[in-house]
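Could you slot chain B onto chain A? The hints should help.
Sequence order for the protein chains is A and B. Each residue of the first sequence is one higher than the one before, counting from 4 in my numbering. Each residue of the second sequence is one higher than the one before, counting from 19 in my numbering.
One or more of the hints may lead you astray.
[Claimed, not checked] If we take Cβ atoms under 8 Å as the criterion, some of the chain A residues that face chain B in the derived model are:
hint : residue
1    : T52
2    : T171
3    : E266
[Stated by the list, open to error] Computed beta-carbon distance windows for the label pairs:
hint : chain 1 : residue 1 : chain 2 : residue 2 : range
4    : B       : S133      : A       : D354      : 29 to 39 Å
5    : B       : P112      : A       : A119      : 14 to 24 Å
6    : B       : Y275      : A       : E64       : 46 to 56 Å
7    : B       : Y275      : A       : G197      : 25 to 35 Å
8    : B       : P140      : A       : N302      : 14 to 24 Å
Keep in mind that the hints were calculated from the coordinates and are not lab data. From the three backbone atoms N, C-alpha and C, an ideal C-beta is built for every residue, glycine too.
Residue-level listing of the chains:
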Amino acid sequence: MPSARRFALHQIAAVTLMLGLGAGAAHAQATIKIASLQELSGGGATAGTNFKNGMDLAIKEINAAGGILGKKIEVTHSDTQSNPGVAKSLAQKAVDDDAFVVFGPGFSGSMIVSMAETRRAQIPNFTGAEAASITAQGNPYVFRTSFSQATSMPKVARYITEGLKAKTVAVIYVNNDFGKGGRDMVIKALEGLGAKVVADISTDAGQVDFSAPVIKAKQSNADVIFVYTNEEESARALRELRKQGVNKPIMGETTLTGQKVIELAGDAAAGALGHVGLTVDAPGPRMLKFKADFYRAYNYIPDHNGIKGYTGVYLFKAGLEKAGKLDRAALTKALHGLKVSADKYPGALLDVTIDEKGDLDRESFLVEVRGGRQVVKEVLPPLGAAKK
Amino acid sequence: MTDFLQLLFSGAATGSVYALAALGFTLLWQASGTINFAQGEFVMLPAFIMLAGLSAGLPLPLAFVATCGVAVVVLGWAFKRGIADPLFKFGMMPIVVATIGLSIAMRNGVRAGFSAEAHPFPGLFGERLFTLGGVTFTAADVGTLAVALVLVLGTQAFLQRTVTGRAMQAVAQNTESATVLGINVPRMIFYTFAINALLACATALLVTPVYLAKFDMGESLGTKAFFAAIIGGFNNSRGALLGGVIVGVAENLAAAYISPAYKDAVALVLFMVVILFKPQGLLGFKEVRKV
Numbered sequence: 004m005p006s007a008r009r010f011a012l013h014q015i016a017a018v019t020l021m022l023g024l025g026a027g028a029a030h031a032q033a034t035i036k037i038a039s040l041q042e043l044s045g046g047g048a049t050a051g052t053n054f055k056n057g058m059d060l061a062i063k064e065i066n067a068a069g070g071i072l073g074k075k076i077e078v079t080h081s082d083t084q085s086n087p088g089v090a091k092s093l094a095q096k097a098v099d100d101d102a103f104v105v106f107g108p109g110f111s112g113s114m115i116v117s118m119a120e121t122r123r124a125q126i127p128n129f130t131g132a133e134a135a136s137i138t139a140q141g142n143p144y145v146f147r148t149s150f151s152q153a154t155s156m157p158k159v160a161r162y163i164t165e166g167l168k169a170k171t172v173a174v175i176y177v178n179n180d181f182g183k184g185g186r187d188m189v190i191k192a193l194e195g196l197g198a199k200v201v202a203d204i205s206t207d208a209g210q211v212d213f214s215a216p217v218i219k220a221k222q223s224n225a226d227v228i229f230v231y232t233n234e235e236e237s238a239r240a241l242r243e244l245r246k247q248g249v250n251k252p253i254m255g256e257t258t259l260t261g262q263k264v265i266e267l268a269g270d271a272a273a274g275a276l277g278h279v280g281l282t283v284d285a286p287g288p289r290m291l292k293f294k295a296d297f298y299r300a301y302n303y304i305p306d307h308n309g310i311k312g313y314t315g316v317y318l319f320k321a322g323l324e325k326a327g328k329l330d331r332a333a334l335t336k337a338l339h340g341l342k343v344s345a346d347k348y349p350g351a352l353l354d355v356t357i358d359e360k361g362d363l364d365r366e367s368f369l370v371e372v373r374g375g376r377q378v379v380k381e382v383l384p385p386l387g388a389a390k391k
Numbered sequence: 019m020t021d022f023l024q025l026l027f028s029g030a031a032t033g034s035v036y037a038l039a040a041l042g043f044t045l046l047w048q049a050s051g052t053i054n055f056a057q058g059e060f061v062m063l064p065a066f067i068m069l070a071g072l073s074a075g076l077p078l079p080l081a082f083v084a085t086c087g088v089a090v091v092v093l094g095w096a097f098k099r100g101i102a103d104p105l106f107k108f109g110m111m112p113i114v115v116a117t118i119g120l121s122i123a124m125r126n127g128v129r130a131g132f133s134a135e136a137h138p139f140p141g142l143f144g145e146r147l148f149t150l151g152g153v154t155f156t157a158a159d160v161g162t163l164a165v166a167l168v169l170v171l172g173t174q175a176f177l178q179r180t181v182t183g184r185a186m187q188a189v190a191q192n193t194e195s196a197t198v199l200g201i202n203v204p205r206m207i208f209y210t211f212a213i214n215a216l217l218a219c220a221t222a223l224l225v226t227p228v229y230l231a232k233f234d235m236g237e238s239l240g241t242k243a244f245f246a247a248i249i250g251g252f253n254n255s256r257g258a259l260l261g262g263v264i265v266g267v268a269e270n271l272a273a274a275y276i277s278p279a280y281k282d283a284v285a286l287v288l289f290m291v292v293i294l295f296k297p298q299g300l301l302g303f304k305e306v307r308k309v
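Looking at chain A on its own, in the form it has when it is part of the complex (with noise of 0.2 Å):
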């Protein structure tokens, strides 16, 4: 019976075809690759190696509940060194290797560079990095893990205006993609408010005596000394100002007043006030319940960035089940416009709005240091909700 052998040849034919491509997809799409490429050494370890453990965190939990779309998350973590001729290559090591989204880095410097490469090959980019130019170039696969300077620095210089009532500020910066940028946004924000900056003092990454800058800014008599430096050089800053005797009120942004600094600058650190994005310190039962669970796995407090790392993966489980399917555009697409309910989805930890450049609006807390931790004084409203 020919016709039947024929049927039978076509039926296997077809069968194996199918096994074949059956097992191809399978095999792309078993999981969802994440690359994370962080600053595990080098100036921005502290931040690096937080936000590292915060995406482990989240990824744990969100695989042990079956992963998104019933797929399990992947994620292999590599070192920037906090270079960012490193960070380029390890970008185009992440494409190379059909990465689904990328996540990181986090220093501004490194992200600038990086993200040209995860934009031509079309793959979602999250990242820490707060520099206001990474969402100004019109990347539409870039998304923020946290405040831009252009969102933070006119709500810190609202607080330094209106809540302490300042004429006059000093600003120091470390001269870096990330301090140039927030010190070019706070500037023009103060200014338009009518303060006026009487010092302008940038210093090094990696400095280690801050006893000139710190007498820059006792000369200028400002009202408020706005420092802005990376995490280290924040505690040694803190301790100049108060060895010097400076009792003018000191402002700073994230980075002045994160769980490290604290712990480096000691005492120093007493008073500083800072607004921050995210805070462990935040009032509510989702940041309370992070915090344990962030405690039990790692033995520390995490800091911002540990919180960054920790929700950015859960904004990705969001857009991605908006989206419905394992595809870079349509996630890219679900991503713009997101709003994410803390409700919904309780790893979002506070509820969070991503506009049409990646930037996010949330609300944010303002700050002081007092008997060695973070303590919240005021909640400050997403500035959507303050503009309307």
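Using the frame of chain A, we list chain B on its own:
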């Protein structure tokens, strides 16, 4: 004026730390013709050994003493036997390259063991502040300056006033004659390495509260100390003190009155000026090279 004094004083405190590390450079050079580019890491390693001791529950003084012991063995004896001795006969270049390699290995070894994050380190003198004529001092600054001064002058006195010290100098000046005079040359050279290791421990104790214990804390310290040693005079221990203080003060003044951005360039500029106009250093003396 008070600002100037403030800058001068905190610069001198920073500079005295450079001086201690620079003293190690000049000692090794004088005694054994070795330039140790891992000098900064020689300060970093004791900091971490002390940190390990502290976390094991030892009080700081005990941790310091234990660290000194370990340092003499590891940074003194093992460094001499493992790197300086076998490479010495091939001239200076192999030693320089080997110590650069050693510094990289030490940095990454510590990074692997202690993570790349900065760790806080208890201060020796507390955080007390006092003001004199408008200038604010911390106990830490005064203490650092005093201890560094005592150590540099003490080392100097040891070299000049004691029999062992003179023997060490004799070895440094002319090894053959020293041998003929019955001086135990290898032992004297070992003493130099041991003193260098002890100075590194003392430097670590003084700087780590400010620098914070971090795997790359020695990098800038080593470079600054090298410049300081050249500026002061590589073959004079007192030159190290002068060079260190000059670098520390000049950096601070430049940061305040010129621009903080050029702070790190100051030591380099001074270094170049000295090399051009007084190559033997400010307090150094001309050496006639024997071929």
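Going down the list of hints, with the structure as the test:
1. Given hint, T52/A at the interface with chain B, holds; its Cβ is 6 Å from that chain's nearest Cβ, closer than 8 Å.
2. For T171/A, the interface hint is violated, since its Cβ never comes within 8 Å of a Cβ in chain B; the closest pair sits about 18 Å apart.
3. Checking E266/A against chain B by beta carbon gives a least distance of about 6 Å; that is within 8 Å, so the hint holds.
4. Range check, S133/B to D354/A: about 34 Å between beta-carbon atoms, so the 29 to 39 Å window is met.
5. The hinted window of 14 to 24 Å between P112/B and A119/A is violated, with their beta carbons roughly 43 Å apart.
6. The hint said 46 to 56 Å for the Cβ distance between Y275/B and E64/A, and at roughly 55 Å that hint holds.
7. Under the hint 25 to 35 Å, the C-beta atoms of Y275/B and G197/A, about 31 Å apart, fit the expected range.
8. Checking the proposed 14 to 24 Å range against P140/B and N302/A shows it holds: the Cβ atoms sit about 21 Å from each other.
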